[in-house]
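First to last, the protein sequences are chains A, B, C and D. Numbering follows the working numbering, in which position 82 of the first sequence is assigned residue number 743; successive positions increment by one, without gaps. Numbering follows the working numbering, in which position 95 of the second sequence is assigned residue number 756; successive positions increment by one, without gaps. Numbering follows the working numbering, in which position 112 of the third sequence is assigned residue number 773; successive positions increment by one, without gaps. Numbering follows the working numbering, in which position 72 of the fourth sequence is assigned residue number 733; successive positions increment by one, without gaps.
Keep in mind that the hints were calculated from the coordinates and are not lab data.
Derived SDA-like pairs (lysine to any residue); straight-line CA-CA distance at most 25 Å:
(1) B:Lys706 <-> C:Leu737
(2) C:Lys706 <-> B:Arg674
(3) D:Lys750 <-> C:Gly682
(4) D:Lys706 <-> C:Met681
Partial list, derived from the structure: chain A residues whose beta carbon lies under 7 Å from chain B:
(5) Ala687
(6) Leu690
(7) Glu691
(8) Val720
(9) Thr722
(10) His724
(11) Val725
(12) Tyr727
Computed Cβ-Cβ distance ranges for the label pairs, DEER-style:
(13) D:Gly729 <-> A:Pro765: 39 to 45 Å
(14) D:Ala764 <-> A:Arg748: 40 to 46 Å
(15) D:Glu736 <-> B:Gly729: 30 to 36 Å
(16) D:Glu761 <-> B:Gly715: 48 to 54 Å
For glycine and all other residues, C-beta sits at the position ideal for the given N, C-alpha and C.
Protein chains: 4
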Amino acid sequence: MPQLHHVQVFRIRYSDVDQMGTYYNARALEWFEWGRTELCRTLGKSYRQWEEEGVRLPVMTAHVDYQGRAQYDDELRMTTTARMDGRAKMRFDVEIVQSETAAPVCRGHTIHAITDRSGRPIRPPKWLLALMETSGNPTP
Amino acid sequence: MPQLHHVQVFRIRYSDVDQMGTYYNARALEWFEWGRTELCRTLGKSYRQWEEEGVRLPVMTAHVDYQGRAQYDDELRMTTTARMDGRAKMRFDVEIVQSETAAPVCRGHTIHAITDRSGRPIRPPKWLLALMETSGNPTP
Amino acid sequence: MPQLHHVQVFRIRYSDVDQMGTYYNARALEWFEWGRTELCRTLGKSYRQWEEEGVRLPVMTAHVDYQGRAQYDDELRMTTTARMDGRAKMRFDVEIVQSETAAPVCRGHTIHAITDRSGRPIRPPKWLLALMETSGNPTP
Amino acid sequence: MPQLHHVQVFRIRYSDVDQMGTYYNARALEWFEWGRTELCRTLGKSYRQWEEEGVRLPVMTAHVDYQGRAQYDDELRMTTTARMDGRAKMRFDVEIVQSETAAPVCRGHTIHAITDRSGRPIRPPKWLLALMETSGNPTP
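Here chain A stands alone, though its shape is the one from the complex (with noise of 0.2 Å):
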């Protein structure tokens, strides 16, 4: 059974840093972002080919709590879970803390149309609605 959610680790760059020695709130959005990549590749399908075939995931909206700080270099460890936010829009929660010691960093969500390559809202193609369904309780 495919997972809905994923769980990533990874290490702050220098140019995630700001002046205050803490990351720059923008790359929460990055971060999220890479999760959904990678979740969906976990799903069995990468986003990538979710575009070749001709379905987009424009956010409709972002947003982020800050929670604690993180420095360059620190090891993050990032969960993101999937889930349809009615019959048309999907919802990625995203929940980030420090690797070693747990202590919340940022969490957050996104909402998305799903549309053509247009633009245009469709219908979620079945292949995803077979995806969102195979679990029983989505939300993390």
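Given the coordinates of chain A, work out where chains B, C and D should sit on it, guided by the hints.
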């Protein structure tokens, strides 16, 4: 009387745009932060001066609603508004539209702690409260 | 007569600065690209129009010499100059200094292929050659 | 014996790609910096530790040759090599290829001053020279 909102016009750079041909979602938070910088300057004291005087405004929450596409070289108009959020936090609301047509691009807000250099919450300095009180109706 | 160089003034954003308190090294290439965009506009045809007409300028080589520090909110002055590099390539030279003191910040250049949408090299369009020939001595 | 080169494999993120469908040119310098971080770790002392001991490696020169396209989600292989450049500078050479085909993506180098916290040049610490001397033939 100092303004509690600020309007700035800018063009989308090549580096802001992804392969969907619209601005990459994390860029919104970089623009929001730039708006805060320019609003603070308008208020009479640059954010760099705030920092030199020991005040930091780390982001606690960020929220973005993506409303419309915007391409490379589009001219956008961003309006940033500041207010106190309770007695110990600041809130900035941002709205970005297409400069020519006023078509919505994105809007959102950030909520900030007020801290010292080491990240410890502090009471807002008097000059900050004075700035914030000069407006009868600080909400946009 | 169109100018083959362009001067623009801008401030360093918070997101440009790393924990050393100076601009992060990769930002220089983003600024260079922004300079190219604004220079093209000055020349009478925006780079977006170039793209719409099927011309691309992918970077073949980039070189940066880092000369001095520049902090958050420093005002910089960037001068960008264009010329043909042989018959099939373009070269942009860039110089960035502190706006107030003219202290050097960085300088460098990029060399670009001239290609069609698919990345295949093409002969420079006539309008491009005409633009480039309007200057007797295009080097800064 | 510590290695003076390091190989790492990574995938291109959505945020790395521009509307030409290939990686944005400035990303190369971010990858190069990430390669330096991981190489230092391999050498036995992380760059974060270097910084904690008061050593900084500000970039003096960066050079990139762009050799081939690379799309979102492509898997790349980056090889980073370190050596002294004279007695007071360090040089890192980087080569990035497609992981599957070894097709060239880009290559380049950065040259770094060795300074203290305040940016003043210092003589390389003994531990650094010791690391660099362990290799008979440091060039890749």
